[in-house]
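Peer 1: Here's the letter readout for the chains.
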Amino acid sequence: MSLLDSEAGKRRLLSVEIPVIERYNEGRDPAFQIRLSRLGGTLVLRYCLKPGHNIYQLETRLVSSYPTVPPETRVLTALKHCPHLLEGQTLCLWRQGSTRASSRWDPARFTCIFAVQAAWRWLACYEVWHETGEWPLPEAK
Amino acid sequence: MPVLDMLCRDPRITRVTLIEPDVYKPHNVARHLFPLSAVGEAKAVLAQRWLLERRPDLVVDLLLCDLCDPAQQEAIEAAAASCDIGVCAADNEPAKYHWDALMRKHGKPWTLGEVLSGGIGGFVHWFVPGGPCYGCVASYLKRSVTVDKAPPPDYSQPGGPVYETTIPASKAAIQTIASLHAVVTLALLDDPAHPPFLPPASADAKGGGFTSLLLTLQRVPDLFEEAFRPYRFRVPRAADCLICQARPTPSSVEELDVALDQALARLENA
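Residue numbers (our numbering), protein chains in the order written: chain A, 1 to 141; chain B, 1 to 270.
If we strip away everything but chain B, and leave its shape as in the complex, we get (with noise of 0.2 Å):
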C-alpha cells in the first residue's frame, strides 16, 4: 500500500489494476495507512477508497484474488496486457515468479521492492524485457549476498515441522524501501529502457546499469557492516537460466500439447 499510495500521487498515473486477495487484519494495523475499525474490510477496497479520496480522477480497478489463483489468469492476463508498467510488493516467492512471467510475456517493464525481515535493510529491482528476468536476479543475489542470518531449522526433531522465524518490519523501514520503489517506477515510466537515474553514456537495465538497489536500514553484525548504505547490483541476463532463456518448442498451444503428451508418454512407459 505505501508504494501504492506514493505512485498514485503522480498525475502520469491514470489507472491502476490492484491484485490483492487479503482481508485487512488487526496485527496489520501497526504498519498500513488504513485504522482499526477498517478491519475485515478487503485491503483492496480500502485502496482504493484511500486512492479516491486523494484522486478522483483515478480509475482503479480491482482483481480480489491472488495472483497465481488459476480461475483468475484470463482476467489478469487482460490487466497485464493492457498496463504501462508492473508493480509488485509481493512477499512470497512464486508470486514474484508469475509476476515475472506475466511481464515478460507481455513485454512489459516492472519493478519489485521487498523489505528485508526485521526491517534491517530492502531492494528495490526494476526489470525490462530483453534484460534479466527475476530468476536471474534471485539467482545471482542467492549466490552473492547474504540478507539473512536466521538459524538453520532444528534437524534434531526428525519428522517435526520446520519453523523460520521472520520479524516483522517496521512501518518506518516499509515507507523507506517503499519510497525508494516508487522514486524508481516513476523514473521507469517516460523511458524504462534508459531511466535518469541511469547515467546517460553507462547503458541501460540490459547489463550495463544496476538492476538492483539494496538499502540497508541497520547495522547487523556479520551482515550489514554499516546502516543507511546503498549496494548497487548490476545483473546480467543469465545466458542458462531456465526461467528466461528461450528453447525450442513447439510454436501453437496444440502442439505443444500433443508434443507434451507424447514426451510424458514415453517416459510413462519407460
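This is chain A alone, in the form it adopts within the complex (with noise of 0.2 Å):
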C-alpha cells in the first residue's frame, strides 16, 4: 500500500490519521499545531513540542510504506548526543525489528500521534538526561 498513492492509503489517511490531527490540533495554540507537506510519497507533519522548560522543533514522516512501516520521526532542534537518538537525530521510539515479535509499532492500533506522544514522552526523558545523566526509563524489551 502506497500512503499516498493507493486508494488504500488515501482512505487511511482520510478516515484515520487526518482526523486525529485534526483532533490534536483543535483549540491548541497555533505555535505548537501539526502542519503537514507532501514530499514525494511521503507526508510529513512538523510540529513543537514542549515536554518541560524547552521547545523542540521536529518531524513525523510517514513513508509511502505506512501504516505497515512505523513513522520516522527526528528532531530539528539541536540536541546533546544522548542515548536512544540515531543518525540524524532520529529518535529511538520503539524497538525497530523488522518483525512482527521484535517490531513495537502496531499498525493496527497506532496513529501518527501515537508517535507524536511517544516523541514528547522521549523529549521528557531528554530533559531528566540531560540534568542528571539518567535515563529515566527502561530500554525497550
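Just so you know, these hints were derived from the structure itself, not from any lab.
Being a predicted model, the structure only gives us computed values, none of them experimental.
Careful: at least some of the hints might be erroneous.
[Said to hold, decoys possible] Examples of chain A residues toward chain B, derived with CB under 7 Å:
| hint | residue |
| --- | --- |
| 1 | S15 |
| 2 | R100 |
| 3 | A101 |
[What the hints assert, rightly or not] If you want the footprint, here are the derived chain B segments under chain A, 3+ residues with CB under 8 Å:
| hint | stretch |
| --- | --- |
| 4 | 128 to 140 |
| 5 | 233 to 242 |
| 6 | 254 to 266 |
[As the list claims (entries may be wrong)] Incomplete in silico selection of chain A near chain B, CB under 7 Å:
| hint | residue |
| --- | --- |
| 7 | S2 |
| 8 | K10 |
| 9 | R11 |
| 10 | L14 |
| 11 | V16 |
| 12 | I18 |
| 13 | L36 |
| 14 | G40 |
| 15 | E59 |
| 16 | S65 |
| 17 | T68 |
| 18 | A108 |
| 19 | R109 |
The beta carbon of each residue, even a glycine, is placed where N, CA and C say it ideally should be.
Hints are included, so try docking the two chains, each in its own frame, into the full complex.
Peer 2: Below, the structure is given as C-alpha cells:
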C-alpha cells in the first residue's frame, strides 16, 4: 500500500490519520499545531513540543509504506549526543525490528499521533537525562 | 516453495500464480528443493519447472516482481481477483499487510505460514472475508504471545545501526510448518467458512473457531515449555482495528482524491 498513491493509503489518511491530527490541533496554540507537507510519496508532519522548559521543533515522516512501516521522527532542534538517538537526530521510539515480534509498532492500533506522543515522552526523558545523566525509562524489551 | 509443492500435488489445484522476485542464491540451497546448479535462476521459474515436471496439466503463471511493487499492482490485482484462495509465505510485514489488503479487497480467503527464527516453531493463520484481518491477528499476537527472546538493540551506541539477530530455520522445521500450512489451505478449499478441521457446531472463522495455530518444535526456556505442542488462538475481529474496520470515506476514487486534497490543504495551511 502506498500512502499517497494507493486507494487504500488515501482512505487510511482520510478516515484515520487526518481526523486524529485535526483533533490534536483543535484548540491548541497555533505554534504547537501539526502542519503537513507532501514530500514525494512521504507525508511530513512538522510541529513543536514543549515537554518541560524548552521548545523543540520536530518532524515525523509517514513514508510511502506507512502504516505497515512505522513513522520516523527526528528532532530539528540541535540536541546533545544522548542515548536512544539515532543518526540524523532520529528518535529511537520503538524497538525497530523487522518482524512482528521484534517491532513495537502496531499499525492496527497506532496512528501518527501515537508517534507524536511518543516523541513528547522521549523529549521529557531527554530533559531529565540532560540534567541528571540518567535516562529515566528502561530500555525497550 | 515447500507449501507450493504440497498444495500442487492436490488435483483440485488447477492453476497457480506465483509472485516472487528473488533469484536463487547459494545460501538458499540448504533450505530449498532446488539443486546447487540452479543458483542464479529466478526462483519462480525454478518453481514453475518443478511443478510442471510433476503436474504437466497445471497452469503456472509467473509474476517476477515484488508483491508491493507499485508498477505491478494492476497484474497482481488481476491475479488476486481471479483466484479462489491466496497463500502467503512472505517473511516481511509490509508484504503480509499488502497481501491481506488484496485478499480483503477481492473477498478471497487466504492462509499464511510463518516459521519462527531458529526454527523453534511456527504459525499457520487462516483468514476469510468478514473475519479478522492480518492486522487484527498481528496486533493480538503481539500483545498476547511471546515468540522471540532476542536481546534488545545496543542503545549504548547512539547513532549506530540497530541489528537484530535472526537464525535461519532448518529445512526440517520449514517443511513441518509448510506441511501444516498446506493441510489448512487444502481444508479451506471446499468451504472456507466451515473448514473440516473445526467441529461443526463450534462456529466458524469469523469468531468461534481458531484462526491461528502455533506449533512449537523445540523447548525454549522462558518461551516454550514443551516441544511439539500446539496452541490454537481464537483471534476475534477487533472492533477498533485501523486496518480492516470500515470508516466513512467517499465511495468514488475521484471524490476520494478531492476530499484528501482538501483535507491536506487545510493542514498544510494550519
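Peer 1: All the hints need checking, so say for each whether the structure fits it.
Peer 2: So, going through the hints one by one against the coordinates:
no.: 1; hint: S15; verdict: holds (4 Å)
no.: 2; hint: R100; verdict: holds (5 Å)
no.: 3; hint: A101; verdict: holds (4 Å)
no.: 4; hint: 128 to 140; verdict: holds (count 5)
no.: 5; hint: 233 to 242; verdict: holds (count 4)
no.: 6; hint: 254 to 266; verdict: holds (count 7)
no.: 7; hint: S2; verdict: holds (6 Å)
no.: 8; hint: K10; verdict: holds (5 Å)
no.: 9; hint: R11; verdict: holds (5 Å)
no.: 10; hint: L14; verdict: holds (5 Å)
no.: 11; hint: V16; verdict: holds (5 Å)
no.: 12; hint: I18; verdict: holds (5 Å)
no.: 13; hint: L36; verdict: holds (4 Å)
no.: 14; hint: G40; verdict: violated (12 Å)
no.: 15; hint: E59; verdict: violated (14 Å)
no.: 16; hint: S65; verdict: holds (5 Å)
no.: 17; hint: T68; verdict: holds (4 Å)
no.: 18; hint: A108; verdict: holds (3 Å)
no.: 19; hint: R109; verdict: holds (6 Å)
Hints 14 and 15, counting from the list given before, are not met by this structure.
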